[in-house]
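Asker: Generate the whole structure from the sequences, applying the supplied hints.
Heads up: the protein sequence lines correspond to chains A and B, in order. Going by the numbering used here, the first residue of the first sequence is number 1386, and it counts up by one from there. Going by the numbering used here, the first residue of the second sequence is number 3, and it counts up by one from there.
Just so you know, not all the hints are guaranteed correct.
Incomplete in silico selection of chain B near chain A, CB under 10 Å [what the hints assert, rightly or not]:
1) 18
2) 55
3) 58
4) 77
5) 80
6) 82
7) 128
8) 225
9) 263
10) 370
11) 392
If you are wondering where the hints come from, they were derived from the structure by calculation, not from laboratory data. Every value quoted in this text rests on a predicted model; they were computed, and no experiment measured them. Virtual Cβ for every residue (Gly too), placed ideally from N, Cα, C.
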Amino acid sequence: MKAEGSTFRYGDNVDTDVIIPARYLSTSDPAELAAHCMEDIDKDFVNKVQSGDLIVADKNFGCGSSREHAPIAIKASGISCVIAETFARIFYRNAINIGLPIIESKQAARGIAAGDRVSVDFDTGVITNETKGESYEGQAFPAFMQKIIQAEGLINYINQE
Amino acid sequence: MGMTMTQKILAAHAGLESVTAGQLIEAKLDLVLGNDITAPVAIHEMDKIKQEGVFDKDKIALVMDHFVPNKDIKSAQNTKYVREFAEKHDITHYYDVGEMGIEHALLPELGLTVAGDVIIGADSHTCTYGALGAFSTGVGSTDMAAGMATGKAWFKVPSAIKFDLTGTPAKWISGKDIILHIIGLIGVDGALYQSMEFTGEGIQHLSMDDRFTIANMAIEAGAKNGIFPVDEQAITYMKEHSGRDFELYEADEDAEYERVISIDLSTLRPTISFPHLPENTKTVDELADIPIQQAVIGSCTNGRIEDLRIAAEILRGQKVAKGVRCIVIPATQKIYLKAMEEGYIKDFIEAGAIVSTPTCGPCLGGYMGILADGERCVSTTNRNFVGRMGHISSEIYLASPAIAAASAIAGKLIGPSEWGGVSE
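Answerer: Pasting the structure below:
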């Protein structure tokens, strides 16, 4: 499994209220949520994002509310992977459970700038910055979580078990 | 090696003799919770599971509290969708308008959460029930769907930070001041993936409502859960509210903690979190002149009877400042009724505040108190993120009910003893 694309760059503590504000939580339709993704922190995001692009952030990405609408909005907007130094724990669970690839890497968070072309190899955990010619190590998932990701989410995993 | 209180509860529910931090386990659930925002997504996911029905119709709680009474057609459709699911599966604990309250105030009041339980809820403030000595944690809708179907959830066993609370808090120092102080100390990711285990002789001075407020905001430090030891006060509360048996767990003497933080409660001052993160704390002694246009007293953090009592004591016989909208929201019908019987509702209305039926409404910028551009709100809620309560240039100052009530009268941020009506 691989992800490759251009990057959007954010800082510490990107919360789920800015990823998808509560005024849009009356719907759970992925396309409708994607239309407002990141609106309160980056109003250009929805116009600029291309399928396959990545989000790179610093510490505690996805903090706050448990709304699964947040990773759903990100996934539906075409983002192929979120890289962060650390993730808030509920967001981390939710991303795995809905099959949105995420990876923790302090090195990558430090090295990647907005607009850099980046690829992620989920089997090895290696993150490559093609713009800068650098590579970084990401935190590989435990085997149990890999199974959920490979099944493309918790529900499929349960159905397989 | 010994186990923390959280680890002992998790081991028991995983059918294991012992667990260690970092271990992946599957635990049996005593309760699975969802609300009108998260349950629709969960029900949709559950339909994809190749299994008929729910694991136990008595162990699922569906509380319609975020956007009810429904604020628009879409939220009405969502509530209808959950209502039909509850009817179809004969869910015992479905709570709609008339019976509902804000979920984390309602469930302990109904006795559905007790010591020793493992509880997941598709709401981040599910960690509230740690006040009763339960392991409870927020999850997303897919975890909720899997929980409703199988009665189980996977967890990575957390390590812990121990908070040793000593001393007696001064007048006006509430659970809110204590937890804001702690978040200011360790930061919004200070307890990431960890348990916050509260111990120490200082706990005896904290009411159950104080403890609910503290456990409620463990998530704002990034924690998986917050938990209190079960003392006589907690046992009395559970016996008054619940007919269920409960199991008492204590941390081992040799339990391992990543950090131990000692806090002398007698030294704390009334504390406010400034925009736009709960960790941006200042005490009332550090305030500049900050005018406010709105005060919200309520939420799963501070909408309980003790919160309303403190606010009423301050607002009684006073007037909310011209230009300030003061919104009081009792968290449950029972709390509302009690506040009425005690005369607090009269105090609020005579002071120029308004009183709403239970709802999460303004806390998450849903309805019932949305902020315009540049407006400032002092709020007893739990998050002050950008745009949380309305326009992205609005500002939220998190504080105790005492500070919110005093500030509503003064028209600016002020400590509970500074506005002149009440001394320390």
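Asker: Now tell me, hint by hint, if it's right for this structure.
Answerer: Going through the hints against the structure:
no.: 1; hint: 18; verdict: violated (16 Å)
no.: 2; hint: 55; verdict: violated (14 Å)
no.: 3; hint: 58; verdict: violated (17 Å)
no.: 4; hint: 77; verdict: holds (5 Å)
no.: 5; hint: 80; verdict: holds (7 Å)
no.: 6; hint: 82; verdict: violated (12 Å)
no.: 7; hint: 128; verdict: holds (8 Å)
no.: 8; hint: 225; verdict: holds (8 Å)
no.: 9; hint: 263; verdict: violated (19 Å)
no.: 10; hint: 370; verdict: violated (12 Å)
no.: 11; hint: 392; verdict: holds (9 Å)
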